[in-house]
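S.K.: Next come the chains, spelled out residue by residue.
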Amino acid sequence: MSDDTTTAPSPPSEEGVRTAGFETPHEGVSDYVAERWRAVQAGELGSLPIILGLVVIVAVFGTLEDNFLTAQNFTNLLLQMAPIAFLSIGIIFILLIADGEVVTIDLSVAFVAGTGGTVLVLLQRPDDPGWPWWAAIIACLILTTVIGLVHALIITKLGVPSFVTTLAGFLVWSGVVLWLTLDFTDAGFVSIQDQTLIDISNKFFSDDWVGWVLALIVVGGYAVFQLNDVRSRRARGLGTRPMPIVLAQIAGVAVLLFAAVIVANRDRGIPLVTVILAVFLAFWTFVAAKTRFGRHIYAVGGSPEAARRAGISVDNIRIAVFMVNGFMAGVGGIVLVSRLRSTSSNIAGGNLLLEVIAAAVIGGVSLFGGSGRIVAAFYGALVITAIKNGMELMGLSSGFKFIITGIVLLLAVLIDSVSKRRRTMRGLA
Amino acid sequence: MTSDDGGGSPLLQCQGVSKSFGAVQAIYKVDFDVRAGEVMALVGDNGAGKSTLIKGIVGIYPFDEGEVYFDGAQVRIHGPKDAADLGIEVVYQDLALADNLDVVANMFLGREEISNGLVIDELAMEHRAQEVLESLSVTTLKSVRQVVAGLSGGQRQAVAVAKSIMWDSKLVILDEPTAALGVAQTRQVLDLVLRLAEQGFGVVIISHNLHDIFEVADRITVLRLGQRVAVFDKAATNQQEVVEAITAGDLAHVPGMEAAI
Ligand SMILES: Nc1ncnc2c1ncn2[C@@H]1O[C@H](COP(=O)(O)OP(=O)(O)OP(=O)(O)O)[C@@H](O)[C@H]1O
Ligand SMILES: [Mg+2]
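Chains A and B supply the protein sequences, listed in that same order.
Counted from 1, the first sequence has number 284 at position 284 by our numbering; the numbering is strictly sequential.
Just add 1000 to wherever you are in the second sequence, counting from 1, and you've got our numbering.
Think of the hints as simulated: they come from the structure by calculation, not from any bench.
Keep in mind that a hint or two might mislead.
Straight line, CA to CA, 27 Å or less: simulated DSSO-like cross-link-like pairs of lysine-lysine [what the hints assert, rightly or not]:
#1 B/1081 / A/290
#2 B/1142 / A/290
#3 B/1029 / B/1081
#4 A/157 / B/1081
With the hints as constraints, model all of the structure from the sequences given.
M.R.: Below is the structure:
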């Protein structure tokens, strides 16, 4: 233990011999499974509901609709879910800092994305002002991040609840979208000319090998990370998950990714936007799970008072989180206008806001704050898009689609509430 | 400065400290001292000024007058950060743990160890957390990776106490640590208090439960209506004497205040 950074005298402990008091947690597979099952019963559901949800979706739409489980529909799904997933990453950060019983929310996120996307489209118009694609992207991201900052300052410094602030933002930014699209253009419609910007949501890696290489990189990275973690924990005499479980998890990730590549390659290949999404998911997961900033976000969401006493500036964390959300709204806006190859007066309207929030909740992020992972954005967006897509293929009426989507959202919130109650009850037992 | 009756020189010494909130004289010219390795109990009726004295010591509500000495030197403490820098830690009754985080994350909250300049060093933290808990013989925790929401009241108290001694602290102040606990868990926390003193920490324990106090305290300071009315050596007193001091100890006349009886 030459790299022991602690200063306190540690009792001389031999390799593998644990000091008194702490049993090495679940080194055996059956112990581990039993332990996980107990956690599930106690309300720590993890990704269990989402896996069950996906199984149900595949079973139901797969039997009712022939075109649902096709390679083409799979790549369509990947394209359709992207804007929701990007925006949902930002919303997850917002939900994480929910203050006790009061939910923090951003109701303006869709129209902020619409505003950012519209500004991007206007800036790249070849005639005027003809900005290069990268400059337009930077301008869009700065704008939406600053919008997030303004919302945050109103919420933290003036004490206006996030619900009210962003409800006002909802109106303001939808107004800005209308103003930009109607007053600065003739028809309320501007198309994107720049090929790079169009490619973001429309390009596929049509060469089969690209998908394989990407999948191998991800699986390899995941495996190295997991095995390294186990190795260094063992070296310090700390408990680890049993090796067969770790290997099974790596194998599971590999099988899923390779299956996705095989299916996508039968159609147009892996979409570029899916790769971009993976990069953002990995980055924000790293921030949330591995950095001090991320830890403090969870602390603020778990107990603002504990965070405050630990010397964390709760206001600064909240402000930073709203800026992250603003930034991701910009990214989502870019992806959205790229997918439509244009912006128009009804960009980012409709159900986008509800789908984004629903995705986060369905993905397992708690409305009560402090609980949930960033990948929830991916799972949730996949579920909500698959339901929408399946119902559209079946030609259901939009009234019926609303009802189903609403029920799914309610189900997700119910699961959250019930598991939250279980978690707190266990503490009082 | 020497203390009044034997023992080492005090770790913390307050001399004639007062604090008023508007017209309310919460504490008035209180003398209070704690030595290293001793458990000093602070008792008194509701509103006697116990919490105010503690908040004055850690600088949440700085005293209006009086001097505070720590480790023999006069100090001015303007806030919890100053107090923590000196080595004074308070475990408040509500504990203020983040329920959604595990034991390790809570013990290091706000002071996470970092490796590679950016990444939280979970292994170093977990290792150190186990060490500290083991040094306090906290054996009822199954894993330091347990989420705090799942812990019992006594376990939470243990985590909060362990957290308070991680950072070169010398004086640990516990505000009603056993108030919400059952018999077995109270026992655990009292054992913890004794172990802290054995390890050389100065310990202040506020409690309304004289039975608990007589189990762990070396000395007992009694506040009544904001004044210090008595200091007892536990060995030379009994519960009845302490109760009398709490309810009817002699008060000095406070200028500008009615003699409140
Ligand atoms: N922030 C404050 N503002 C005004 N008055 C206060 C404040 N804090 C305490 N007081 C008053 O000071 C007096 C002492 O209160 P304190 O909280 O120190 O008592 P205590 O001994 O801790 O009582 P308890 O056993 O109920 O906790 C009380 O009369 C209380 O009302
Ligand atoms: Mg009090």
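S.K.: Run the structure past the numbered hints and jot down the numbers of the failing ones, going up.
M.R.: Per hint list: zero violations.
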